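> Each chain, letter by letter, is given below.
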Amino acid sequence: MMLVTMLVMMLVMMIMDDFLIRSALAGIAVALASGPLGAFVVWRRMAYFGGALSHTALLGVALGFLLGVQPGLGVAFVVMAAALMLGWLNGVKGLSLDTLLGIVAHGALAVGLIVTSLLDTVRIDLMGYLFGDILAVGVEEVWWLWGGAGFVLAALIKLWQPLLSLTVHADIASVEGVPVRRVELAFMVLLALVVALAMKVVGIVLVTSMLVIPAAAARSFSKTPEAMAIAAAVIGVCSVGIGLWASYAYDSPAGPSIVAAATLFFALSLLKR
Amino acid sequence: MPPPREHKSEDMLLEAHNVGVSFDGQSILSGANVRVRCGEVVTLIGPNGAGKTSLVRAMLGLIQPSSGTVTRRKGLSIGYMPQRLQIDPALPMTVRRFLQLGTKPGLGKTLKVLKEVGASAIANSPLQSVSGGEMQRVMLARALLREPDLLVLDEPVQGVDITGQAELYRLINSIRKHRNVGVLMVSHDLSVVMAQTDHVVCLNRHVCCAGHPEAVSRHPEFVALFGENVASELAVYAHQHDHQHDLDGHVIDDSSDDARDDACDDACDDDHG
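Protein chains in written order, with this note's numbering: chain A, 1 to 273; chain B, 274 to 546.
In short, the hints are calculated from the structure, not lab data. Since we're looking at a predicted model, the values are computed, not measured. Cβ atoms here follow ideal geometry from the backbone N, Cα and C, with glycine treated the same way. Treat each hint with caution, since some may be false.
For each label pair, taking beta carbons as the anchor points, the in silico distance ranges come out as [said to hold, decoys possible]: (1) V92(A) - H461(B): 26 to 34 Å; (2) G107(A) - L384(B): 48 to 56 Å; (3) W143(A) - G298(B): 49 to 57 Å; (4) T376(B) - F221(A): 25 to 33 Å; (5) N397(B) - L271(A): 24 to 32 Å; (6) L268(A) - S300(B): 49 to 57 Å; (7) P493(B) - V92(A): 39 to 47 Å.
Let's have the full structure, built from the sequences with the hints guiding it.
Here you go:
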């Protein structure tokens, strides 16, 4: 028994040793989580919200280095803080959410770039964070991505029914006893986590695409919300496969290739309408 | 938000006591008193911006009143039908699925309630494809699936054509009788409503007057608000014959009389004696 386990572990290690396999595993993890969550982003019309959150991620990276913690942790923390702040600012009257998103996104991006440039002691691969660096993903990071994606999916399944109910109509859900505030908050946290995960694959600039495009492409094939969430995950995984293949075969940048593949799926889905 | 107070009396379903609502320090509504008892239809009328919806939302616990208290009977089940339901076209959802979102009724019960509201034909239609009148029926069905003691209807015939409006009111009335539920309703449609209402509360940022429809329709403040023509038409409509008594000559339904508002203007108090 021990021997079998060890053999399997060795096999896993050998496979993970191949950078392309690691990249694929990382991309699949992200696609599995971002697809279903992205469906909610689409239904709740939060594409720009996701975009704004992802722009704050660079600040998280910089703070992570500054404080000597994992950049991923820094990102998750900063993005969550930004999500909560946006929720609070949205209650302040006078400016539309649209404007607030523009302010928070670009304000945070600017500060992030400044802090990054001030970090003399470490060299941050800025391009890697902005446009993704999936091909350089390490074994440990793959574990983290799968752990994170697993957590997001498990939480989303648990939240599914109330979240769907309040997405359709928040007031009816509230009268029917759904704790609207708490469920929305939990959704924000999951969104922040997915931004932190997806950043590794497609980079800060393209994070929203992993949320929105597979879900949008899944729409025309789906008759129920659940089907759309699953289809979004499948399309995301296929996009990762095609993107990585294109990157390998034609030496195109991996992150953008994945996003381009997803966009192609969306274009094809239009034919079905 | 603190939980709503609970009423001890079995008969009283929901009561707003001296409720005021303000946004950004601007008072929308002040000193409103409304009570809904078992099997009673209470209608809130008033011009746009009178605070009707705000009062309803405060009574439902959707917003926190800035003053006053809302009391509900212990274990009260409320079926709420909002003004409108707008869901993103990207969310694939049939009418049937929408009905099963809140409670989890079996298919048999769902179809039975759909039949009760006369919308069996659209059970499997996408929610986005149903007409205005059908949507109101669907929302009514969702409210009924909760086996409510109280139906709260915010402009239930909005976006419905004239014949559809009359049908919808007939339906609401028959449901009320059949299920013996209390109804709290917001309405613009004075004529139809008046005939089917036990107690009318006329709002214009405060309670102008309240009482039996006939009494209210002759109240000076009501006449000032809606005009002489409307008022006289209503008086006729409510009773189907020309009435000889004036306001003092009194209200037939005594249950509505003691539910009359304490916050009524002096004039109102005088009128009711």
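> Decide, hint by hint, whether the structure agrees.
Tested hints:
1. For V92(A) paired with H461(B), a C-beta distance near 32 Å keeps the hint of 26 to 34 Å intact.
2. About 53 Å separates the C-beta atoms of G107(A) and L384(B), a value consistent with the hinted range of 48 to 56 Å.
3. About 53 Å separates the C-beta atoms of W143(A) and G298(B), a value consistent with the hinted range of 49 to 57 Å.
4. For T376(B) and F221(A), the hinted distance range of 25 to 33 Å is satisfied, since their beta carbons lie about 29 Å from each other.
5. Look at N397(B) against L271(A): about 25 Å separates their beta carbons, and that is inside 24 to 32 Å.
6. In this structure, L268(A) and S300(B) meet the distance hint of 49 to 57 Å, their C-beta atoms being roughly 55 Å apart.
7. Here the CB-CB span from P493(B) to V92(A) is close to 42 Å, well matched to the stated 39 to 47 Å.
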